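Asks: Since the structure of chain A is provided, determine the placement of chain B on it from the hints.
Those protein sequence lines, which keep their order, are chains A and B. Take the first sequence: its letter number 292 is residue 291 in numbering that gives the first Met the number 0, and every next letter is one higher. Take the second sequence: its letter number 193 is residue 192 in numbering that gives the first Met the number 0, and every next letter is one higher.
Heads up, a few of these hints could be off.
One copy or any two copies: either way a pair holds, since identical chains are not told apart in the list.
[Claimed, not checked] Simulated crosslink set (EDC-like; lysine to aspartate or glutamate; CA at most 20 angstroms straight-line):
1) Lys46 - Asp84
2) Lys108 - Glu86
3) Lys108 - Asp85
Because the hints were derived from the structure by calculation, they are not lab data. None of these values were measured; they are calculated from a predicted model.
Number of protein chains: 2
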Amino acid sequence: MAGETYEVLGLGNAIVDVIARAEEDFLQRHGLAKGAMMLVDEQAAHKLYDDMGSATTISGGSAANTIVGLASLGIRSAFIGKVKDDEAGQSFAHDIRRSGVHFATPFAKEGASTARCLVLVTPDGERTMNTYLGACQNLGPDDVDEALVRASSILYMEGYLWDPPAAKQAFLKAADMAHDAGRQVALTLSDSFCVDRYRDEFLHLMRTRTVDIVFANEHELKSLYQTSDFDTALAALRDEELLGVVTRSADGCVIVSHDQTVAVQASPIDRLVDTTGAGDLFAAGFLAGLVRGCDLRDAGRLGGIAAAEIIQHYGARPNVNLASLAAQSGIVL
Amino acid sequence: MAGETYEVLGLGNAIVDVIARAEEDFLQRHGLAKGAMMLVDEQAAHKLYDDMGSATTISGGSAANTIVGLASLGIRSAFIGKVKDDEAGQSFAHDIRRSGVHFATPFAKEGASTARCLVLVTPDGERTMNTYLGACQNLGPDDVDEALVRASSILYMEGYLWDPPAAKQAFLKAADMAHDAGRQVALTLSDSFCVDRYRDEFLHLMRTRTVDIVFANEHELKSLYQTSDFDTALAALRDEELLGVVTRSADGCVIVSHDQTVAVQASPIDRLVDTTGAGDLFAAGFLAGLVRGCDLRDAGRLGGIAAAEIIQHYGARPNVNLASLAAQSGIVL
Numbered sequence: 000m001a002g003e004t005y006e007v008l009g010l011g012n013a014i015v016d017v018i019a020r021a022e023e024d025f026l027q028r029h030g031l032a033k034g035a036m037m038l039v040d041e042q043a044a045h046k047l048y049d050d051m052g053s054a055t056t057i058s059g060g061s062a063a064n065t066i067v068g069l070a071s072l073g074i075r076s077a078f079i080g081k082v083k084d085d086e087a088g089q090s091f092a093h094d095i096r097r098s099g100v101h102f103a104t105p106f107a108k109e110g111a112s113t114a115r116c117l118v119l120v121t122p123d124g125e126r127t128m129n130t131y132l133g134a135c136q137n138l139g140p141d142d143v144d145e146a147l148v149r150a151s152s153i154l155y156m157e158g159y160l161w162d163p164p165a166a167k168q169a170f171l172k173a174a175d176m177a178h179d180a181g182r183q184v185a186l187t188l189s190d191s192f193c194v195d196r197y198r199d200e201f202l203h204l205m206r207t208r209t210v211d212i213v214f215a216n217e218h219e220l221k222s223l224y225q226t227s228d229f230d231t232a233l234a235a236l237r238d239e240e241l242l243g244v245v246t247r248s249a250d251g252c253v254i255v256s257h258d259q260t261v262a263v264q265a266s267p268i269d270r271l272v273d274t275t276g277a278g279d280l281f282a283a284g285f286l287a288g289l290v291r292g293c294d295l296r297d298a299g300r301l302g303g304i305a306a307a308e309i310i311q312h313y314g315a316r317p318n319v320n321l322a323s324l325a326a327q328s329g330i331v332l
Numbered sequence: 000m001a002g003e004t005y006e007v008l009g010l011g012n013a014i015v016d017v018i019a020r021a022e023e024d025f026l027q028r029h030g031l032a033k034g035a036m037m038l039v040d041e042q043a044a045h046k047l048y049d050d051m052g053s054a055t056t057i058s059g060g061s062a063a064n065t066i067v068g069l070a071s072l073g074i075r076s077a078f079i080g081k082v083k084d085d086e087a088g089q090s091f092a093h094d095i096r097r098s099g100v101h102f103a104t105p106f107a108k109e110g111a112s113t114a115r116c117l118v119l120v121t122p123d124g125e126r127t128m129n130t131y132l133g134a135c136q137n138l139g140p141d142d143v144d145e146a147l148v149r150a151s152s153i154l155y156m157e158g159y160l161w162d163p164p165a166a167k168q169a170f171l172k173a174a175d176m177a178h179d180a181g182r183q184v185a186l187t188l189s190d191s192f193c194v195d196r197y198r199d200e201f202l203h204l205m206r207t208r209t210v211d212i213v214f215a216n217e218h219e220l221k222s223l224y225q226t227s228d229f230d231t232a233l234a235a236l237r238d239e240e241l242l243g244v245v246t247r248s249a250d251g252c253v254i255v256s257h258d259q260t261v262a263v264q265a266s267p268i269d270r271l272v273d274t275t276g277a278g279d280l281f282a283a284g285f286l287a288g289l290v291r292g293c294d295l296r297d298a299g300r301l302g303g304i305a306a307a308e309i310i311q312h313y314g315a316r317p318n319v320n321l322a323s324l325a326a327q328s329g330i331v332l
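Isolated chain A (complex conformation):
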């Protein structure tokens, strides 16, 4: 396809992560389901923050993390998301732009503050997320820049966009524009509880070919097809006849298309610190491979390499240049 200015455009909730270590009993005391993302209002967010430990603040947001990972892999990337013109919003914009991503969504000048995700990391490296959506609630179809969508080879969007009131309209509008320009549209299912909230709508997106590529982890896939059996869920995904990419934590990933099933091992790590962003960075590596014409196995390997980097430190933005890691693995992007 000719005329792409960007290789991947992301659309998602623009969020600043506030990360602290927490013991298991902290989760219990606050009634938090380990590993999940829960939506909280501003008051609940304040209450939780007051009780959590000393924190590190790093820009986050699922699709935004993926797009920053893509930029770190040397992929021309852009992002659409809504922050307020406050300290956290300025940080978010600074960080994503200085990561090499084109980001030009207008700041909200009034209303709720920039979204925060209070991330609690337990000693097992698992993260439990509590999101105050704030300014993301102002993301709507008007924020979708048509020229940008048309100029991007792949449009990548998160299931979490079903949470704020108007963001799904932005999602659907962007998907239409992308397909009209002959581009591909990818969806990440985001979280098993998110799948539970919007199962029928996500299946509809897949079955109407509103999306061409679907990313899910094992839990999300099982939730989507309401089964506890992985193979049953995988077979159901294969029957959708789109490109399905399923991550399985330490067991690597499985990629299914109408005519292929490819399993790829996980990349080795020295030490698991914080799983925040594992799925986001896997998607970054995979999309980098896909957009640059790698085969599915190498795309899966790239996903594993990017995910392995992110889970060995706090936060979901890469600490090193991922393009160097990819080059070390022998995969030419």
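Replies: Chain B only, in chain A's frame:
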């Protein structure tokens, strides 16, 4: 000594660190001296921030880091420092309190914003710091809580307090109160450029016994005595006849008193990531040993253990419970 509520009280500049990786040429382009702390005004801080990479925000401040390290070692600790009642100031207060430190200095309600230190970490793990003092400029003698000073076994203060206009008055007032209550007073020389700015005053503090314990790294010690020869500088420190603690990065530390010279090796590390806080955390470990009656060698070992933890990740606040690390080393606190 009876009646101590706290074992160590810190007095220092309350700062939030904004940390980003940077290549060597970034330092050159901005005329920054690697490894040093430079004071910048608000405008220069904004300009530098705009050009630096994606950042992680973590509470910092030299003496504050030391005090948090002490709390992590299980030492009853308190801190005096000035932040504004803004987002960064609220974070600073949250983080230090949630680390187990008593912190009750009134927030500045107006004037300059909470201090930031823009920290640039080069690939060699060295950090270069650019500090906008902001609300620290409002720290003064009125912030020194006499009951708190009298109730603390050791008062630990930073040379950086000579930078804001009124903080040295707070330092001198607190030192007087501490000595009046039979407590010990410790000074860290902070930075070789800081020593260069205030050499005569720091020597005066030492020679008038305004301080009983001095922490310095090799560069600061050489700057203090204006010599390029370490042994000459160490001999001069020994002649001051107070307790001198000198850190030498990978070469460990040397502790001198009127009748002893003790050299202690550095703790081994797997990977150097960011030296920010190495000296601060060394001081935490050493003071923990000192206040709990360890011998100088074990105090030096504790310093090394705490420093080794901090330089293996970004930021100058511990990522793990330091008391557990100390216990693993076999030193009973």
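Asks: Which earlier hints can't be squared with this structure?
Replies: none
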